[in-house]
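Q: Start from the sequences, fold in the hints, and give me the full structure.
Chains as they are written, first to last, in the working numbering: chain A, 182 to 488; chain B, 2 to 342.
Accuracy of the hints is not assured; some may be wrong.
[Unchecked claim] Sample of chain B residues at the chain A side, in silico, Cβ under 8 Å:
| # | residue |
| --- | --- |
| 1 | Arg-81 |
| 2 | Gly-98 |
| 3 | Ala-102 |
| 4 | Lys-159 |
| 5 | Thr-160 |
| 6 | Leu-200 |
| 7 | Gly-206 |
| 8 | Lys-215 |
| 9 | Gln-237 |
| 10 | Gln-299 |
| 11 | Gly-330 |
| 12 | Val-334 |
| 13 | Tyr-339 |
In case anyone wonders, no lab produced these hints; they're calculated from the structure. Ideal Cβ positions, reconstructed from N, Cα and C, are used throughout, including at glycine.
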Amino acid sequence: MPGHKRTALPGFRWSLGYTLTYLCVLVLIPLAACFAKASGLTWEQFWDVVTDPIAVAAYKLSFVTSLIAALLNAVFGLMVAWALVLYEFPGKKLLDALIDLPLALPTAVAGITFANLYGSEGWYGQYLSFLEPDGFVGHWFSANGWFGENLFTVDTRARGGPLSIVIVLMFVGIPFVIRSVQPVLAEIEAEQEEAAANLGASRWQTFRYVILPAILPAWLTGFALAYARGLGEYGSVIFVADGIPGETLIPPVLIVSKLDQFDQQRSAFKYEEAAAIAVVLLTISFLTLVAINLLERWTKRFEPTEV
Amino acid sequence: MWIRGLLLLFIFTTILLAGCSNTARDVRSAAEVEIVNVSYDPTRELYQEINKAFADHYKEKTGKKVTVTQSHGGSGAQARAVIDGLKADVVTLGLAGDIEAVAKKGLIQPDWEKRLPDHSSPYTSTIVFVVRAGNPKQIKDWDDLVRTDVKIITPNPKTSGGARWNFLAAWGYVAVHKKAPEADAKQFVAKIYRNTVKLDTGARGATQSFVKNKLGDVFISWENEAILAQKEVPDQKLEIVYPSISILAEPPVALVDKTVDARDTRVVAEAYLNFLYSDEAQDIIGRNTYRPRNPTYQQKYAAQLPPIKTFTIREVAGDWTQAQQKFFGDGGVFDQIYRVK
Numbered sequence: 182m183p184g185h186k187r188t189a190l191p192g193f194r195w196s197l198g199y200t201l202t203y204l205c206v207l208v209l210i211p212l213a214a215c216f217a218k219a220s221g222l223t224w225e226q227f228w229d230v231v232t233d234p235i236a237v238a239a240y241k242l243s244f245v246t247s248l249i250a251a252l253l254n255a256v257f258g259l260m261v262a263w264a265l266v267l268y269e270f271p272g273k274k275l276l277d278a279l280i281d282l283p284l285a286l287p288t289a290v291a292g293i294t295f296a297n298l299y300g301s302e303g304w305y306g307q308y309l310s311f312l313e314p315d316g317f318v319g320h321w322f323s324a325n326g327w328f329g330e331n332l333f334t335v336d337t338r339a340r341g342g343p344l345s346i347v348i349v350l351m352f353v354g355i356p357f358v359i360r361s362v363q364p365v366l367a368e369i370e371a372e373q374e375e376a377a378a379n380l381g382a383s384r385w386q387t388f389r390y391v392i393l394p395a396i397l398p399a400w401l402t403g404f405a406l407a408y409a410r411g412l413g414e415y416g417s418v419i420f421v422a423d424g425i426p427g428e429t430l431i432p433p434v435l436i437v438s439k440l441d442q443f444d445q446q447r448s449a450f451k452y453e454e455a456a457a458i459a460v461v462l463l464t465i466s467f468l469t470l471v472a473i474n475l476l477e478r479w480t481k482r483f484e485p486t487e488v
Numbered sequence: 002m003w004i005r006g007l008l009l010l011f012i013f014t015t016i017l018l019a020g021c022s023n024t025a026r027d028v029r030s031a032a033e034v035e036i037v038n039v040s041y042d043p044t045r046e047l048y049q050e051i052n053k054a055f056a057d058h059y060k061e062k063t064g065k066k067v068t069v070t071q072s073h074g075g076s077g078a079q080a081r082a083v084i085d086g087l088k089a090d091v092v093t094l095g096l097a098g099d100i101e102a103v104a105k106k107g108l109i110q111p112d113w114e115k116r117l118p119d120h121s122s123p124y125t126s127t128i129v130f131v132v133r134a135g136n137p138k139q140i141k142d143w144d145d146l147v148r149t150d151v152k153i154i155t156p157n158p159k160t161s162g163g164a165r166w167n168f169l170a171a172w173g174y175v176a177v178h179k180k181a182p183e184a185d186a187k188q189f190v191a192k193i194y195r196n197t198v199k200l201d202t203g204a205r206g207a208t209q210s211f212v213k214n215k216l217g218d219v220f221i222s223w224e225n226e227a228i229l230a231q232k233e234v235p236d237q238k239l240e241i242v243y244p245s246i247s248i249l250a251e252p253p254v255a256l257v258d259k260t261v262d263a264r265d266t267r268v269v270a271e272a273y274l275n276f277l278y279s280d281e282a283q284d285i286i287g288r289n290t291y292r293p294r295n296p297t298y299q300q301k302y303a304a305q306l307p308p309i310k311t312f313t314i315r316e317v318a319g320d321w322t323q324a325q326q327k328f329f330g331d332g333g334v335f336d337q338i339y340r341v342k
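A: Take a look at the structure:
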């Protein structure tokens, strides 16, 4: 058969068939249906919906907060994975188990808890008044402060502002970086590090030339997963963010509000418009993930070759 | 080999069980009826009590056992669920617009609003203000909400049915009560929403923001949610302020013709909806801090639900269909508030 390589492993046809069916039923067809729904609009209608100023502000908010949260998670997640793999300490097993909790907890619960903690009288919130517009940092970035006046204004509030979104997105994204990097880090043999040291490498050089290339692809995967997770998050964000259109309203809320609108002329809910916004989110997320994948493949060139 | 045997046994038992439960259901249905009431979020406790009373009442009258199954969620989402196939015998939603949407799809007769007394809404509620202990910002009426020093909590009317009543109450205060031109009303509500510090997606979320997270000076709320919030945290000594005039919120009920005909439950569903107007149900309604239609029970609960001047949605916008389009549709009055900076 042309193009069909025989492999030593059994079950190729079965597993491939199953994979395709599985992906089609659960991923491809629903996503295609979303695109099909959006195509019910004319091109002008679609453009009007997706370029509405409130929608554009919402995408920006979502992409920026998810990006910042994923970057922070990449840095701190690597540190946590490092500690969990390379050191022994009491309570390590417990800490390790704790990391998966954000995946299991309904995110609305997390949102309510965070909103409470960061409230003006909450455990953290009471110490964060300096970020409010009348606090010293908040003032500096506000329209009346030096930074805001001369460069651009930044909403620094930890209560209801973009920062609050970053915080909950960090919470929901924690497991991804740690769980991606952990097994790879564990696989690096102590011998490799010892060999590097024997050859006269400094600690930094060992990290830079031995460890980093090995974990980089996994690290990027973890980052991409955390980022994508942030874009789709709804449950926790609606409780912590103020939800002011054009400022702190995320695209999923916009989608829900479209679904709640009954179009009298066509006597139907505005599924098409909701799908249009979803299509924009999907496309941008997809492009981002592809870019990260390419980056990952590129970094694999630096991986130490197996002997 | 034994795995295959086990699998067969499993499949066999499943089929057997499925068959059994089917026959069990058939036997039961002769003496028992089940109807599904699809309702909005805050009515959980109310219908729990009403359903129990109705079951007793129906058993006494007909000898039949009836179970009412409840489903709760956001009013708009529930209407969509019914349109998408959720089998509801009756719908008891937060606003007529949502039932109208179900009717437009042909599931309910177009004249549904006239089939029961009082525009098919067996109870009413109104929109009030909740303020902090001692009312530090001295909020007395709608005019105080546009002061620049007042921070407001109210949910987003595009995602919350209850919040639409809040919006329309503010609008009506200017356009209906003061008979001011529409431009003034627009400006008035715009000022209110500019003072709003958090637009939650739902009414319960907004209660959380005001009560638990202590955001804002005033919370615009359904009366029953306001009383609930007060009871939830007695130590905060929250106060309820009744404005000089507010909107008469009329959450309607309707029979879903298509479902009751298919399931042959019309008789019991009709009895259920009529029961909502009975003395017994009106008493339960008052006890649950909704306003009864029956004057006797209005008086009975007047201490907690004091008389208040109101205007109706018909005076504000004609009907829900028009209100929806004009105020909450894309590019409508609400959107304009946030588009113009």
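Q: Would you list, in rising numerical order, the hints stated earlier that this structure does not obey?
A: 9, 10, 12
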